[in-house]
Amino acid sequence: MNQELSSGFTIAANAPIAVALAISALLFVIGLVGFLCRRNMIIMFLCTELMFQGAALAMIAFARLRMDVSGQVFVIFILTVAAAEAALALALVVLLYRKRETLSADAWSDLGES
Amino acid sequence: MVPTIFYAACAIAAAGLALLLMQSGSKFRMGATILGLAGIAWILVIVVQTIPTPASEIGPLGLMILCAFVSVASAVRVITHHRPVFCALYFVLVVVSGAAIYVLLSAEFVAFSLVIVYAGAILITYLFVLMLAQQSPADIGSADAVDYDRIAREPAGAVIAGFVVIAVLGGSVFSVSEQKAESILDQNRAIRQGWGDLSMMPKLLLEQARRTDSTVTAVVARTDGQMIAAQTDHSAIISVQRGCQKTPTDLTLAPSLLPDNTSRVGMALVTRFPVSLELAGIILLMAMFGAVVLARKQTDIADDDRRALAGLGKVMDGNQSSQGKANR
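Respectively, the protein sequence lines represent chains A and B. Here this note's numbering = 1-based position in the first sequence + 237. Here this note's numbering = 1-based position in the second sequence + 1050.
Heads up, a few of these hints could be off.
Claimed, not checked - A few chain A residues facing chain B, derived, Cβ under 10 Å:
(1) 254
(2) 256
(3) 282
(4) 284
(5) 298
(6) 327
(7) 341
What the hints assert, rightly or not - Covered stretches of chain A (in silico footprint by chain B; criterion: 3 or more residues with CB under 8 Å from a CB of chain B, positions within the stretch not fixed):
(8) 310-317
(9) 333-340
Just so you know, the hints here were simulated from the structure itself, not pulled from any lab data. Glycine included, each C-beta is placed from N, C-alpha and C at the ideal position.
Using the sequences provided together with the hints, build the complete structure.
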């Protein structure tokens, strides 16, 4: 029976992992809501970092569930991508700020209305 | 039945968040906070109730729920606070409580690298850019925040979209949560994998064998070809050569000599994901190039002069050149 259990896909094996998965879903959704709601470009990118946090936490929780370090390795790659994204996105935001003297995303809404 | 209650809890949390985002009066704000916290608490209670918890896991579970409240509440503050600098500082709190959750999930190395990389590096960059791009208080007047930070864009639609996502995610988890594994099973598997990882690290293996018995000179393969034979009592048996004797003898390693989280992550990085590791380096290099190229755009004020030197006319339209002058 043990063999059968260990080979099958199991989810939410114990409560701490389930709570961690719930937190990861909440963090992801809060980041999503913030990205849709906020109008400050820097805060919008901060909200994408929140979504990264949610995804990374889910990775860690599943790594703990499967007792495999691959999930933790993937979180290191997520950190890499987040760092690269922060560097590029912030450079872009500074560039946009120099053009329009404001951080509001609405200042660029004419891009979609041609 | 459980999904219905779960959806109700989601709706309450969503209503609280939407009210917080709509920026009403201060007394309204208190009620919205309580509503949102109650919704989140209800979601967590449902999640915990669904899965039976062994007594040994009550302690970590309590800490985990504490961290859950800290991280979710400060995440909500990140998206509702008017001042961008405070948003970034609340994000640091999210990262720190997230790192605490990582430690509770026995991912120590990643927890500390998260604090170093996120709270130490990425968030400092964010703060720098925020302060670089922030308008001076004189421009804004008496208001404490500019309009685009104070007024949310369609909070109701965004919150509905977000909590539909969470309801679908949660519902799918509930539909498969009948399958359960015992945590003792996971424990055995983790220890077997730990010994397996150690057998791929010959130097550490020799060191651990010497720590058990200082006369060991070499670790050799066992008769079945494996380096390590994991036992059911979590210890492991290896074959070693002692002193000048030729025939290998058995040595038992205690469970305390298992490789720790850091060495296991490092081992997985270089044995299972070497190409990904190289690609991560390339991504970072390219991001650095990109950031440098984008930041160098600062010199575009001199574009007109450069074009004049090359014998070309000015191309700037009125709007852009006036912006450029304002920049100077």
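Each hint, compared with the structure:
1. Given hint, residue 254 of chain A at the interface with chain B, holds; its Cβ is 7 Å from that chain's nearest Cβ, closer than 10 Å.
2. At its closest, the beta carbon of residue 256 of chain A sits 5 Å from a beta carbon of chain B; the interface hint therefore holds under the 10 Å criterion.
3. Below 10 Å, beta-carbon pairs count as interface contacts, and residue 282 of chain A has one with chain B at about 8 Å; its hint therefore holds.
4. Interface restraint check for residue 284 of chain A: the shortest CB-CB distance to chain B comes to about 6 Å, inside 10 Å, so the restraint holds.
5. Among the interface hints, the one on residue 298 of chain A holds; its C-beta lies about 6 Å from the nearest C-beta in chain B, closer than the 10 Å criterion.
6. For residue 327 of chain A, the interface hint holds, the least distance from its beta-carbon to any beta-carbon of chain B being 5 Å, beneath 10 Å.
7. Checking residue 341 of chain A against chain B by beta carbon gives a least distance of about 4 Å; that is within 10 Å, so the hint holds.
8. Counting residues of the stretch 310-317 of chain A whose C-beta lies closer than 8 Å to any C-beta of chain B gives 6; at least three are required, and the coverage claim holds.
9. For the stretch 333-340 of chain A, the proposed coverage by chain B is satisfied: 7 residues have a C-beta within less than 8 Å of a C-beta in that chain, meeting the threshold of three.
In summary, this structure violates none of the numbered hints.
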